[in-house]
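Turn these sequences into a full structure, and let the hints guide you.
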Amino acid sequence: MLSKDNMQLHISPSLRHVTVFPSKGFKEFIKVKVASRRVSYRMLFYFLLFFTFLLRFVFVLTAVDGIDGENKCSTIGCLGKKLGPRILGRRSESTIPEVIYQTLDEPLGKHELQGRFDIPQTLEEFMTEIKKGGHDAKTFAVKLREMVTLMEERTRMAKIQEYLYRHVASSSIPKQLHCLSLSLANEHTNNAAARLQLPSAELVPALVDNSYFHFVLASDNVLAASVVATSLVRNFLRPQKVVLHIITDRKTYYPMQAWFSLHSLSPAIIEVKALHHFDWFTKGKVPVLEAMEKDQKVRSQFRGGSSAIVSNTTEKPKVIAAKLQALSPKYNSVMNHIRIHLPELFPSLNKVVFLDDDIVVQTDLSPLWDIEMNGKVNGAVETCTGEDKFVMSKKLKSYLNFSHPLISKNFNPNECAWAYGMNIFDLEAWRKTNISNIYHYWVEQNIKSDLSLWQLGTLPPGLIAFHGYVHVIDPFWHMLGLGYQENTSFVDAESAGVVHYNGRAKPWLEIAFPQLRKLWTKYVDFSDKFIKSCHIRAS
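Taken in order, the sequence shown gives residues 0 to 538; the numbers are from numbering that gives the first Met the number 0.
Any given hint might turn out to be false.
No more than 25 Å apart at the CA atoms, straight line, and that leaves these computed lysine-lysine pairs for BS3-like [claimed, not checked]: (1) Lys315 / Lys158; (2) Lys137 / Lys174; (3) Lys396 / Lys375; (4) Lys174 / Lys531; (5) Lys393 / Lys158; (6) Lys250 / Lys240; (7) Lys142 / Lys130; (8) Lys521 / Lys240; (9) Lys408 / Lys350; (10) Lys396 / Lys315; (11) Lys531 / Lys250; (12) Lys517 / Lys531.
Beta-carbon label-pair distances, calculated as ranges [to be verified]: (13) Ala157 / Ser402: 34 to 40 Å; (14) Val203 / Pro366: 23 to 29 Å; (15) Ser494 / Tyr100: 49 to 55 Å; (16) Val318 / Ser199: 35 to 41 Å.
No lab work stands behind these hints: they were computed from the structure.
No experiment lies behind these values; they were computed from the predicted model shown.
The beta carbon of each residue, even a glycine, is placed where N, CA and C say it ideally should be.
Set out below in structure tokens:
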């Protein structure tokens, strides 16, 4: 029983009832019923202990404000200021002056920075100038905005210059490769051993025998073709069952024939053939050649050359890089377009694996023939899933212009893309489709629209033509991106079945990534007399 003034408080021994008796003998009373479950003295002790801790916490929290001497508030008021935003999920008000936000938001024209020598060039210079004093918040923001804007513009220009230099380096023929072609062409003229029929007469029937593993390589680069062929045969468990069909152009035919005549890969069977040797290619009009001629005219008029592209001051560096890449000769090379005519070029074959000349084979590829295609035509690796978000994040919207109604009404922008470079083609299934005609139709539409449907190469029309005919294969068979960026680890690349140096940094160029180039150079014999005489080195 407790009493204060005229008020009496009675707590029952069981702690189940608390009764308050009013003063002056009034009969009324207030009765509060506590929860029926039993409350132990130990629980009461813990409650009092927690309450004591809470009071000490409030004291410390409010004492800090008192020590600062800036915030005058009551104990409860200070507690509200401290805990309120946290409990309600709100942040405290920013202590940064509003004038800084306003100044940094104001647009700054590039012409305003021209001829200015008072803008700090580094963070150190900026801090030195600010520490001198006499600057208010607005002046601080103005100088910061000028310095950052200047740095951004310089970074943009440096990036564009890098893309331009890479474009020039990747589009030009290195003098070492030019030397190799000339040396081999000379050898073809003077040495009968460099003019062997490939393959020999007794092996010709194997060229149309479907019991063999047939590979197709289209290239005008002798050194690159030799690496693909050597890596393929060296890693194949049954090389005697390999037939490699090498397709090249007229100017590279003699050097290519000389190289493979003098560098046998027996027991594998190597065929070297120029496009003009194919009967189909010499009869009548060839759609791919007509399209290439029109495409080249449109590009020369529409693009205005690399100088016009890099002089654009409004476009982002990545957009400029894409336009420079579109000027690369490989995207208008017949070697890049010819794969769409494989059924016509090899009418007797049922299945082939097509290889680009910037790949390296690192495993036995015979299991590719065991993959069930389920009626599909093109066995390819998808490029929208994987750990490498830069390379393996490609969807149709990455290649096609979905702002154009012709594209947007026919395709899904978020559909996964796939890659050229190492593809299984079921030629029997292909011949039952209209894929080649669809390809040429869309190439024609792109030319008519001034290249507004897509900008780069043969993959975009390939994505369209093979739409619905692609069988997805395991990514092990085709690792991409070794010519784009050096983030790919050597260990990961070494464990892939096929690595692809797609991108500008080709392994035979000086701009190749050194740690990734090793996978390619291991298949080059640097002691070979032609390689040595042309000063082709491992690094």
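Okay, the hints, checked on the actual structure:
The hinted pair formed by Lys315 and Lys158 meets the criterion: a straight-line CA distance of about 10 Å does not exceed 25 Å. A threshold of 25 Å between alpha carbons decides the hint, and for Lys137 with Lys174 the separation of about 57 Å lies outside it, so the pair is violated. Distance restraint check for Lys396 and Lys375: the Cα-Cα separation of roughly 23 Å lies within the 25 Å cut-off, and the hinted pair is therefore satisfied. This hinted pair checks out: Lys174 and Lys531 have alpha carbons roughly 13 Å apart, not beyond 25 Å.
At most 25 Å may separate the alpha-carbon atoms for a hinted pair to count; Lys393 and Lys158 meet this at roughly 23 Å. A distance of roughly 30 Å separates the Cα atoms of Lys250 and Lys240; the hinted pair therefore is violated under the 25 Å criterion. A distance of roughly 13 Å separates the Cα atoms of Lys142 and Lys130; the hinted pair therefore holds under the 25 Å criterion. Distance restraint check for Lys521 and Lys240: the Cα-Cα separation of roughly 24 Å lies within the 25 Å cut-off, and the hinted pair is therefore satisfied.
The hinted pair formed by Lys408 and Lys350 fails the criterion: a straight-line CA distance of about 33 Å is larger than 25 Å. This hinted pair checks out: Lys396 and Lys315 have alpha carbons roughly 18 Å apart, not beyond 25 Å. Proposed proximity of Lys531 and Lys250 is supported: the alpha carbons are some 23 Å apart, at most 25 Å. Restraint check: the Cα-Cα separation between Lys517 and Lys531 comes to about 18 Å, which is no more than 25 Å; the hinted pair holds.
Under the hint 34 to 40 Å, the C-beta atoms of Ala157 and Ser402, about 30 Å apart, miss the expected range. Between Val203 and Pro366 the C-beta distance comes to about 27 Å, which sits within the given range of 23 to 29 Å. As the Cβ distance of Ser494 to Tyr100 is approximately 51 Å, the hint placing it in 49 to 55 Å holds. For Val318 paired with Ser199, a C-beta distance near 52 Å fails the hint of 35 to 41 Å.
Comparing the model with each earlier hint shows violations of hints 2, 6, 9, 13 and 16; every other hint is respected.
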